[in-house]
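**Q** Sequence:
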Amino acid sequence: MRRLIPLAVIMILFSAATVAAVSDGGVNKSVDDLTGTGIDSVDSPSIFGQDEDFVISVNLNESSDAVKIYVTTQICVNSGLCYPPELIEMVTEDNVTWTSTVSPMIDQTYVNWNLVIENASENQTKIPETGFGWKVWSDCWNDGDGWGGEAYEGGESCDENNSESTDSVPTVGIAGVISVLIMAAIIRHR
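Add 4 to the 1-based position in the sequence shown for my numbering, that's all there is to it.
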């Protein structure tokens, strides 16, 4: 058991340091093939802006038997951390167009999401089957390799571009805190 502790700490540090670097910075992602899902289109803004709500809209076709649609969103921030996914029931007025709103956060990098469609028999279909199918980047983001986005104006961070500077927590700092907490729990357990 004691031999596994250093390995666990190394894995935590490595995974935390690479969270934001797992995809191309600033490149939005979407599910290309919605054939057989009952969905005509999924629409959203092309930028996850710092100052405005982000609206996800799902348009169903006539073959859809959906009675509920859920969106699972996850917001990641410039320090390299991602908040836990949040499941939200989408709303509709006409059973054709369903919407959900994601509120922006300070220092956001991007928002990921996927969809869960439920029919009258309460059978659920996740789109895509695994992971997040959609990702929209912020107007000022850090992907672990550098800064970018429409609101980024150069410098060390987006914070230099506005007067309300926010302190971001370095990824390794969070990983260190998590490692210490895990080690303390293991030691206390013994």
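If you're looking for bench data, these hints aren't it; they were derived computationally from the structure.
The structure displayed is predicted, hence computed values, not measured ones.
Keep in mind that the hints are not guaranteed to be accurate.
[What the hints assert, rightly or not] Here are the simulated DSBU-like pairs of lysine-lysine, each with C-alpha atoms no more than 35 Å apart in a straight line:
1. Lys139 - Lys72
2. Lys72 - Lys130
3. Lys33 - Lys139
4. Lys130 - Lys33
**Q** Each hint: holds or not?
**A** Hint check:
1. Lys139 - Lys72: holds (22 Å)
2. Lys72 - Lys130: Holds, at roughly 12 Å.
3. Lys33 - Lys139: Satisfied, since the Cα-Cα distance of roughly 5 Å is no more than 35 Å.
4. Lys130 - Lys33: OK: lysine 130 and lysine 33 at ~17 Å, within 35 Å.
The structure is consistent with each of the numbered hints, conforming to all of them.
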